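Colleague: For reference, the chains in residue letters:
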Amino acid sequence: MCVTCGCESGTVAHDHDHDHDHDHDHDHGAATTPGERGFGVLRPAVTRTVSLEQDLLAKNDRYAAGNRARFAESSVLALNLVSSPGSGKTTLLVETLRALTGRHPVAVIEGDQQTRLDADRIAATGAPVVQLNTGKGCHLDAHQVGHALASLAMPAGGVLFIENVGNLVCPASFDLGEAHKVVVLSVTEGDDKPLKYPDMFRAADLCLITKSDLLPYVPFDAARAADNARLVHPGLECLTLSSTTHQGFDAWLAWLERELHACTARAAPFAAHEARA
Amino acid sequence: MHEMSLMESVRDIVEDAARAHGARRVTTVRLRIGALSTVDAGALRFCFDVVMHDGVAEGAALEIETEPGAAWCWDCQVAVAVLAEGAGCPTCGGHRLQVTGGTDMRVKDIDLATEPELPTCA
Numbered sequence: 000m001c002v003t004c005g006c007e008s009g010t011v012a013h014d015h016d017h018d019h020d021h022d023h024d025h026d027h028g029a030a031t032t033p034g035e036r037g038f039g040v041l042r043p044a045v046t047r048t049v050s051l052e053q054d055l056l057a058k059n060d061r062y063a064a065g066n067r068a069r070f071a072e073s074s075v076l077a078l079n080l081v082s083s084p085g086s087g088k089t090t091l092l093v094e095t096l097r098a099l100t101g102r103h104p105v106a107v108i109e110g111d112q113q114t115r116l117d118a119d120r121i122a123a124t125g126a127p128v129v130q131l132n133t134g135k136g137c138h139l140d141a142h143q144v145g146h147a148l149a150s151l152a153m154p155a156g157g158v159l160f161i162e163n164v165g166n167l168v169c170p171a172s173f174d175l176g177e178a179h180k181v182v183v184l185s186v187t188e189g190d191d192k193p194l195k196y197p198d199m200f201r202a203a204d205l206c207l208i209t210k211s212d213l214l215p216y217v218p219f220d221a222a223r224a225a226d227n228a229r230l231v232h233p234g235l236e237c238l239t240l241s242s243t244t245h246q247g248f249d250a251w252l253a254w255l256e257r258e259l260h261a262c263t264a265r266a267a268p269f270a271a272h273e274a275r276a
Numbered sequence: 000m001h002e003m004s005l006m007e008s009v010r011d012i013v014e015d016a017a018r019a020h021g022a023r024r025v026t027t028v029r030l031r032i033g034a035l036s037t038v039d040a041g042a043l044r045f046c047f048d049v050v051m052h053d054g055v056a057e058g059a060a061l062e063i064e065t066e067p068g069a070a071w072c073w074d075c076q077v078a079v080a081v082l083a084e085g086a087g088c089p090t091c092g093g094h095r096l097q098v099t100g101g102t103d104m105r106v107k108d109i110d111l112a113t114e115p116e117l118p119t120c121a
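Chains as they are written, first to last, in numbering that gives the first Met the number 0: chain S, 0 to 276; chain X, 0 to 121.
Incorrect hints may appear among the rest.
Simulated crosslink set (DSS-like; lysine-lysine; CA at most 30 Å straight-line) [claimed, not checked]:
no., chain 1, residue 1, chain 2, residue 2
1, S, 195, S, 58
2, X, 107, S, 135
3, S, 135, S, 58
4, S, 58, X, 107
5, S, 135, S, 195
FYI, nobody ran anything at the bench for these hints, they're computed from the structure.
This structure is a prediction, so every number in the text was calculated from the model and none was measured.
So that you can see chain S by itself, here it is in the shape it has in the complex (with noise of 0.2 Å):
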C-alpha cells in the first residue's frame, strides 16, 4: 500500500494526479514494482504460504476426548443413538429405560433442531434428561455434549444413552465421547440403505433393526439389511427387535450387560489407579 495517498496494489499504472510533495524522486506514469529503487512507494502485501495439517474435527476431538475422559471416570457407558427420522430410536429408548431401571444407573441426553417433546416422553420414565436442541444444526457435536454433560447427573457404573439428531449422514463424522455409535434402521425403510448411506454403517459398532413386529406387512429383508451392513463394515453385529413386542430384544439387553461390563472392567484399573493417586 502506499503509504502517502494509500492506493492498494503492487502494480498499478501511477498515472493520478498528486496534489502532495514528495521529499524522494520516483517515476510517474510508470509501473512501479516491488524493489525498484530499493524503495517503492507502492508495496505490495509479502505473500507467503503457512503450512497448517490440521484435521477439521481436531477441535471437535478435542471435546470428545475431554467427554470420554469424564465418562471413564464414572465407569459410565456412553452410546450414541444414530439413524434416519422415524425409525424409533426414542420408542426403543423408552422400553430399554424401563427394563434397565433398578438394574442400572441411566441417564439420556436427547438432540433434536426443536421442542422437548422426545425429553418429555424420556423423562415419563424416570429418567434423569436433558434435551439438546441444535436449531439449524445437523448433528449433535462433542461441545454440545459437554455443556450437557454440566447439567445432568453421570450416572455412574451405568449406561448414558445419547439420542443423537434423526439424520444418517452428518451425526457419522462427529465423536462424541461415546463408547459405541449403534445405528437403528427400522423395517419400514429400505433394506439397501447400509448401501445408500455407507458413512454411518461404517462408524457404528452395533446395527440394530427395529419394528420387526411389521415384518409381515413391508417388503424389507432384514437377512439383507444385515448383509448390506456387513458389506460396508465387515463383521458388524446386527439384531433384529420390536420395542413393541419385545421380539428380540433380550439380545440387546444381552449387549448392553456385556458393554457395561467390559466398560467397568476397563474402569476398574483407571479406578485403582486414580485411589493410588
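Given chain S's structure and the hints, the job is docking chain X onto it.
Modeller: Relative to the frame of chain S, chain X by itself:
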C-alpha cells in the same frame, strides 16, 4: 449439510493462523480431502464463500487436493487402491475391505498476505 460446520472449522483454523502470523489477508486456502472421507468436496466449495464472508479469508481461492482411497482387502490379502466409496476391491470386486487411507479432512496450508514494512526514506 455438515460441510457447513466443517467449513466453520476451516475458518477458525485459518483465522487463528492468520492472527498468529500477523497477516491481514488470506489469499489461498488449500484443503486435503480423502476420497473416502465423509465430506463432499462440491458441498465444501459451495459453503466456502458463505462462511468466509467478512473474515480474513474473504475472497480467497479454495484449492482442494484429493487424497486417494486405500484399503486392505481381506480376501486378496493385499493393499489395494479404492477409487471411491462403495467401489469394492479393484482386484476381486469384494467388499471385505479395511480402509487404510483416504479419510483425511484437513487444512493443508494457506497463503497469507502480510503487511509490508514501511519504506524508510533515509
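Colleague: For residue 107 of chain X and residue 135 of chain S, compute the direct alpha-carbon distance and say whether it is at most 30 Å.
Modeller: holds, 29 Å
Colleague: Within a Cα-Cα threshold of 30 Å, do residue 135 of chain S and residue 58 of chain S meet the stated pairing?
Modeller: The hint holds at about 20 Å.
Colleague: Given the proposed pairing of residue 195 of chain S with residue 58 of chain S, does the C-alpha separation stay at or below 30 Å?
Modeller: Given that 30 Å is the threshold and the Cα spacing comes to 29 Å, the pair holds.
Colleague: Given the hinted pair residue 135 of chain S and residue 195 of chain S, is their alpha-carbon gap at most 30 Å?
Modeller: holds, 24 Å
Colleague: Under the criterion that the straight-line Cα-Cα distance not exceed 30 Å, is the pair residue 58 of chain S, residue 107 of chain X satisfied?
Modeller: holds, 16 Å
Every hint, counting from the list given before, is met by this structure.
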